[in-house]
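Let chain A serve as the given structure and place chain B on it in line with the hints.
Chains A and B, in that order, give the protein sequences. Under the working numbering, the first residue of the first sequence carries the number 1, and numbering increases by one thereafter. Under the working numbering, the first residue of the second sequence carries the number 1001, and numbering increases by one thereafter.
It should be emphasised that the hints constitute simulated quantities derived from the structure, not laboratory data. Even glycine gets a Cβ: it sits at the ideal position worked out from N, Cα and C.
Below, in silico cross-link-like pairs of lysine-lysine (DSSO-like), each with a Cα-Cα straight-line distance of 30 Å or less: (1) Lys1216(B) with Lys1185(B); (2) Lys235(A) with Lys1185(B); (3) Lys1109(B) with Lys1089(B); (4) Lys1109(B) with Lys1090(B); (5) Lys235(A) with Lys1135(B); (6) Lys9(A) with Lys1129(B); (7) Lys1089(B) with Lys1178(B); (8) Lys1226(B) with Lys1281(B); (9) Lys1109(B) with Lys235(A); (10) Lys9(A) with Lys1135(B); (11) Lys1178(B) with Lys1135(B); (12) Lys1216(B) with Lys1178(B); (13) Lys1185(B) with Lys1226(B); (14) Lys1178(B) with Lys1226(B); (15) Lys9(A) with Lys1090(B); (16) Lys1090(B) with Lys235(A); (17) Lys1109(B) with Lys1185(B); (18) Lys1090(B) with Lys416(A); (19) Lys1089(B) with Lys1135(B); (20) Lys1089(B) with Lys1129(B); (21) Lys1135(B) with Lys1090(B); (22) Lys235(A) with Lys1216(B); (23) Lys358(A) with Lys381(A); (24) Lys416(A) with Lys1089(B); (25) Lys1089(B) with Lys235(A); (26) Lys1129(B) with Lys1178(B); (27) Lys9(A) with Lys1089(B); (28) Lys89(A) with Lys123(A); (29) Lys1109(B) with Lys9(A); (30) Lys1129(B) with Lys1109(B).
Non-contacting residues of chain A with respect to chain B, defined by C-beta distances greater than 12 Å in every case (computed): (31) Thr24; (32) Leu27; (33) Ser75; (34) Ala80; (35) Pro94; (36) Gln108; (37) Thr120; (38) Ile136; (39) Arg143; (40) Arg153.
What follows is the residue order along each chain.
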Amino acid sequence: MGKVFVVFKREFLERVRSRWFLFTTILGPVFMGLVTVLPIAIAAKTKSSQQLSNVVIIDATSTDLGSRVSRALTSTTPNAPVPRVRVVKAEEVPAEEQRATQEVVANQALGYLVLDANTTAGKDLRYAGRNATALIDVESIERMVRQSLLSQRLEHEGIDPGRVASLTNVRLDTKTEKITDRGREGTGGLASFFFGYGIAFVLYIMIAIYGQSILRGVLEEKTSRVAEVVISSVKPDALLAGKILGAGTVALTQVTAWLGMSFLMYQARGPLFQLFGAAPTAAAALKIPTVAPLVGLALFLFFVLGFLLYAALFGAVGSMVSNQEDVQQAATPVMLLLVASFIFMQPILLNPSGTLAKTMSWLPFSAPLMMPLRMAIIAIKWYEIVGALLSVAIGCWLAIWVSARIYRVGLLMYGKRPSFRELARWIRMA
Amino acid sequence: MSDPAVRISNVTKRFAETVAVNDLSLVIPRGSVYGLLGPNGAGKTTTIRMMLDIIVPDTGSISILGRPHLEAGVSSRVGYLPEERGLYKKMQVRRVLRFLAELKGVTAKDADRRINSWLERLGLVTSEKDWGNAKVDELSRGMQQKVQFIGTLLHEPELVILDEPFSGLDPINAQALKDTVVELKNEGKTVIFSTHLMDNAERLCDSVCIIAHGRKVLDGEVTAVKEQRGSRNIALAVDGPARDGLLTVLQDRRLVARADDQNRFFEIELANGADPQELLKQVVATGARVRRFELISPSLHQIFLDRVGATGVEEGMSGHG
Chain A
1 MGKVFVVFKR EFLERVRSRW FLFTTILGPV FMGLVTVLPI AIAAKTKSSQ QLSNVVIIDA
61 TSTDLGSRVS RALTSTTPNA PVPRVRVVKA EEVPAEEQRA TQEVVANQAL GYLVLDANTT
121 AGKDLRYAGR NATALIDVES IERMVRQSLL SQRLEHEGID PGRVASLTNV RLDTKTEKIT
181 DRGREGTGGL ASFFFGYGIA FVLYIMIAIY GQSILRGVLE EKTSRVAEVV ISSVKPDALL
241 AGKILGAGTV ALTQVTAWLG MSFLMYQARG PLFQLFGAAP TAAAALKIPT VAPLVGLALF
301 LFFVLGFLLY AALFGAVGSM VSNQEDVQQA ATPVMLLLVA SFIFMQPILL NPSGTLAKTM
361 SWLPFSAPLM MPLRMAIIAI KWYEIVGALL SVAIGCWLAI WVSARIYRVG LLMYGKRPSF
421 RELARWIRMA
Chain B
1001 MSDPAVRISN VTKRFAETVA VNDLSLVIPR GSVYGLLGPN GAGKTTTIRM MLDIIVPDTG
1061 SISILGRPHL EAGVSSRVGY LPEERGLYKK MQVRRVLRFL AELKGVTAKD ADRRINSWLE
1121 RLGLVTSEKD WGNAKVDELS RGMQQKVQFI GTLLHEPELV ILDEPFSGLD PINAQALKDT
1181 VVELKNEGKT VIFSTHLMDN AERLCDSVCI IAHGRKVLDG EVTAVKEQRG SRNIALAVDG
1241 PARDGLLTVL QDRRLVARAD DQNRFFEIEL ANGADPQELL KQVVATGARV RRFELISPSL
1301 HQIFLDRVGA TGVEEGMSGH G
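Bound conformation, chain A alone (with noise of 0.2 Å):
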């Protein structure tokens, strides 16, 4: 089709020749990269607080264990102040605990460690401090009182403290590791996570935007007047195509340059990691998780028929508005249907096999965005994926031959905004 070329190009050329798009295009993987590397490099300088031994510790466990949680703390913090342990009787706990709680408030200590009866029958222990909800603090205390208690308790069993201490210095760091279909997936557990999660991200995000964009186009032009002039050449349905398919393009054109860079920044991880001061392990450590080339297939049909898909409802709410202020009213069912969409991802993220989880992901305005976030995290059957893709096609047609028909009578209507009952009306008599 000649005509839906022309105005394919049109839509295309202007929209690539805008600042905005050359900023977005280009400033895009920067943030992206930002978002991955600041997190890494922030954890690697997250320790827990230099300041970690600088507490009073109330000992009314009638045992040495104050002092050895205090000698714990010391060898972790060394250059802060040595812990305060005051032996105390059961009864004098609360009177202890006040005076504990005014030197936090006078800043004379960072916290107070509560140890008693029900530390050393191994139920509890209480902390209370200024870094109280600092986990990985409370973490690193809970570690030590489990540490110190264990050595006490093997050294009454009669054993060595030189050997308690090389039996109780356990130190374990999990390497986790994916298990699909095809069997190992190598370590990219939370590498799949994050990229499931990218590109479901990057689709809302495409989808938002361009959907919008599709929708002030059209309005622009039935605001402007040209609507008329062109109708007069091409098709009301051919135009719709023309645009739609214009818009998709630089969306994806802008994807493609993105994940270009994307991976150039990758090739250049090593150095870029210690600009920002992350050690070169956690650079080696950044993975991007393979793709086979059917499943490549799968997530960009599955782009492409989302996209579709919003883009046509957009474009029909585009033709039934004439004005800025009626807007935002009428794209909100459209909008509802994709934020729906994106709320969602995090319970399902949580459990990808779940109702919820198979339900959106077989529905046609949620698929797009949560087959591609399950696949990447647990495997799916294929033929869930065909039959998702299919639901989606459907949804796709359905879409574009209701709104080509809103489009076709909306482009011409200047005034108020249609009713439900009217719409309906111009889907009967388009």
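Here is chain B on its own, set in the frame of chain A:
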């Protein structure tokens, strides 16, 4: 060339409650300047939009240049200037024009050549400034209208349809438009335009059709339409202070059936059997200085008022351009 430029056969179009066009049939000959006349809301724009397949008629058929109007390729032979004019505001003028030309199947190369010659011809490219490289919204209203007009003609259409082309034009642009219409006719093109300005139509059109309330009131060649009505009208132009006496004479129903008072000019329809000579005598007797007294065919304006009714005029729906 025997096919007419446009043949509309028994076309009806209803919108929700109203009948916009009711069983309309028209034949517009090739190579003519054709006026579609009628008050606002008569169905002129709807008729034009149906010719261009922007609106689908409920019943009836339309053929353009001898082909069914839905046929592929027909729209490339037609140029259209809608009443509500507009262009892509943020686009460069040359790019907008190239886009419009390419939609009509003109190659980019041909389009660029024609765009340059048109821009020069209408004064949008001068030694100081090339407006073709400016964005549309940097242009003045008048310049935008010129650009839009270029867009209508770039693909050298055989049939040019202009919807209310004179609305919003200043006298200079209106004159340029009239010149172009005549030029198109001289090149053998067909020009259809709608208007409610009867004077423009009377001067420019070979044939006219008057429609009101979606129905055809009359159509045909302007000369034929006027001759049918006979030379029972008198053009009277006067100077002098004797307006009161003159008005008394013109109210004499034995002599004058109706008079259109335009202050210093009157178009007078004689009463049945009245003698123009008698009227002239009476007018002179009032002391008015007669500058013109001529037996004429009724003007389109008068015919329009006769057939459509004066109500439209009172509502400002007809007037002189």
